[in-house]
Amino acid sequence: MNEKRFREKLAGRIRFPEDVSSKKTLFARALRSPYPSGTIEKIELPPLPEDAFIMDYHTLPGSKTFQLPLGEMPLLTESRISYRGEPILLVGASREEELNEILAGISLTIIPEPELPPLSLDQRENVQYERHFLRGEAEKILEKEDLIQDEDFFVIESQEPSTRLSAQVSCQKEGNRYIIHSVNQWPSQLRKNAASALKIRRDQIILRNYPHDNNQESRLWYTSLTACHAALLCQLSKRPVRFLIDEEENRLLTPARGKTEIYIKGALSSEGDLLALKVDFALDVGAFGLMTQEIIDRMTLACTGVYQCRNLEITGSGIRTNRMPTGFFSDLNQAPILFAVESFTNNLIRLGGFEPYEWKIENRIRKGNLFLGESTLAKPTPLLKIMENLTTSSDFQRKHTSYQNLQDQRLSLSENRESFHRGIAMSLAYSGNDFLYNHTDLTTAAVRGVLDKEGYLQLYLPIQPGIDRTKKRWAQMAASLLSLEGPDRVSFFFDQEKMNGGPLSAGRSITHITRLIELCCENIQKKRFRDPLPIDVTKRYSRQESRWDKDKMDGVPFHSLSWGGCVVEVEIDQESYELKMRNIWFVLEAGLILDEPSSRVTVERGLYLALENSLGKDWQKRYKFPSYQVDFISTGNTPQGLGGLVQSLFPPALACAINQASERKGYTLPLEEGLLTEDDRQ
Amino acid sequence: MTIHFTLNGKETELNVPPNKKLSHILRDDCGLRGVHPGCGKGQCGGCLVLDGKNPVYSCLIPAFMANGKNITTIEGFVQTPLFGIIERGFKRAGVILCDFCAPARVLSLGAIILQGRNPDTAEILDQIDIVKCPCIGPESLETGIQIALEEHYARERR
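Chains as they are written, first to last, in this note's numbering: chain A, 1 to 682; chain B, 1 to 158.
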């Protein structure tokens, strides 16, 4: 990061959309539904000042829907309410106080209706999407085998922590163009929706994108919706608009990870082979069921974890409810399934009397095995190296055996002589980079490189990346490929005119953009000695449809896979039942690590979110941030995503370590409070 | 009501409505955009300012309560030599903060130095906890704080 930017950041001089203002600014808000379900019967407006503006569903000038690649929702509700906080009216006034008075004076009559049934594996109403996957003869085997276990897991709804009102947006008109000031990770989607809502051309929408915080992924589409609202009022009033979101709205409208219920039944042979798995899961996808196919299919693929299993029966459903429409997350909801599958597998192998390290070595997925649907794994996995490194750094095998012996003694003697109990567990997971569904708005990306006459390189990216260190590494890479005098000869721009494409979620930022920059530089280098400067090269990425057959779940589902392992060691005080996380070890294989410090920050941030998912929102009041170690191993020349891996790895390792220390199993995320108390002990 | 207080070293007089929080007055009326109200509940710490030498959440304080106080925001703190020490400490430790919480992190560390404390690791971790932003874990931040404190006390000894 350059010195000036670093200083400005610390000095609070970085500006946000809410800092944009002028004397003519119109303050705007949405009137939102106080009910999760119902029908609007009547809206009565108070006497309005001359300079106030109102817009409802019927006065929307263009498209009335907000579209995403896999789903759509109304820009404003017509009459039927689908979730609490759904926008009904847009209201603008010259002063904030006046705006609040108008909003308070609106009489809104809604006839509340019963909510859609809550999520349950048994209820089949309101299924937005269902995936059934069958391989081999799971049902037959699960009736015959001796060692059969079945368990239910629950992952409770959770919101990623938000520290700022990131959906605030400002919009002003300059000539025939609308300038939107927003924090947005998916500019093409914002421009497309705003243009169609305002009934204007897409090139009339200009996005001034502001730096996003690190938890913006759950709000991937939401900031585009508020941007459309601001632009609509700007068009109506012909004035600059500052669209306000208060703290309560921010909490209410931050898309949450839906509740998940998972039932798993599995069979183990006497030799320890995982013979069959039956997994039924249901996810609450909220209202409108946005992106449900992508999320459910990803979860289905994650159902075997990283182990070999030839006989599978998986049923996954996305259930619509009257909850805020679902958001995206860095792991695209793989974490709940991997928590259940890893925890189940650990419980099953323990029941079978197998040593977990040996079992995992033996049963890990290998090159040539069936993996991820009907696809065969084409490359060797780094799982063996991950496990070896993990056990070396954490002394896993020795500690596990020792803690297991102590636990067995405790159980046989029925008495407790120790002042604390310890447990240790290992989990393994993968993370698929890029989206599963091949849709232009999701999966394309482009980078343009211009080498000018003075020997400076300008790189035009589809989005402003959030992490400055990554940019620094890209600059170093480009300077080295083109033999420029130094990385300061490379500058980055956000080009919205030509660089339309998908969001930089699901590891796309690091995988695709790095490769496209590389290709641009290689191409410029080739042309450099035959063409005059400036040389202008654009490289695009688009997925090949033929690689993945989504109906049969066959082929290559992801651009690439990242792999990882985690060991968690815990200690439980036998007087206070206080949990102490003694240490955490991660070994991660995410290809070429461009910049280790920023990768460590990504891991640390992932651990922070995983702690919240595992121990509940208030975990910081009860626990200190634990010490952890990260070991990056690299088996490739291209970088890959790291984002969701830590969130998938940590919860099952923690649950299983607690299980060894306390003899209690954690079936729910966040782990139940009662897991550690004396009263609730089994 | 009219309040008189010292804001970033300057005597200030403001007419404030009784229902307005200090964070909003500082941003909207005084134009101090480095104050970043977020959760509105004193949890995230984005709105942190110094009341004398103490860090306080300005989103929890009604503006009239600032009457007679000495309030320092990041805009005022930047003018002090301590800002440079903290900047160097964070830079040397490779601390990567998000744009939102960075000023509050600086102020919370500034408070330790202003109070003349030389805290141990546990106290530093408690101080880090004042700003709850998930952009960074405590490990690298703690190193940055240690470096800044070392430089400050080395200077004082000289």
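Quick caveat, the hints were computed from the structure, so don't treat them as lab data. Predicted, not measured: the structure shown is a model, and the values here were computed from it. Fair warning: there could be bad hints in the mix.
Said to hold, decoys possible - Restricting the straight-line Cα-Cα distance to at most 16 Å, the calculated cross-link-like pairs of lysine to aspartate or glutamate (EDC-like) are:
1. 23(A) / 28(B)
2. 621(A) / 51(B)
3. 624(A) / 28(B)
4. 91(B) / 8(A)
5. 20(B) / 96(A)
6. 617(A) / 150(B)
7. 621(A) / 123(B)
8. 23(A) / 29(B)
9. 621(A) / 120(B)
10. 20(B) / 618(A)
11. 624(A) / 151(B)
12. 41(B) / 246(A)
13. 41(B) / 97(A)
14. 41(B) / 8(A)
15. 91(B) / 3(A)
16. 21(B) / 554(A)
17. 624(A) / 29(B)
18. 624(A) / 123(B)
19. 624(A) / 126(B)
20. 132(B) / 97(A)
21. 453(A) / 120(B)
22. 41(B) / 96(A)
Those earlier numbered hints the structure runs against, lowest number first:
Violated hints: 2, 3, 6, 9, 10, 11, 13, 14, 16, 17, 20, 21, 22; rest satisfied.
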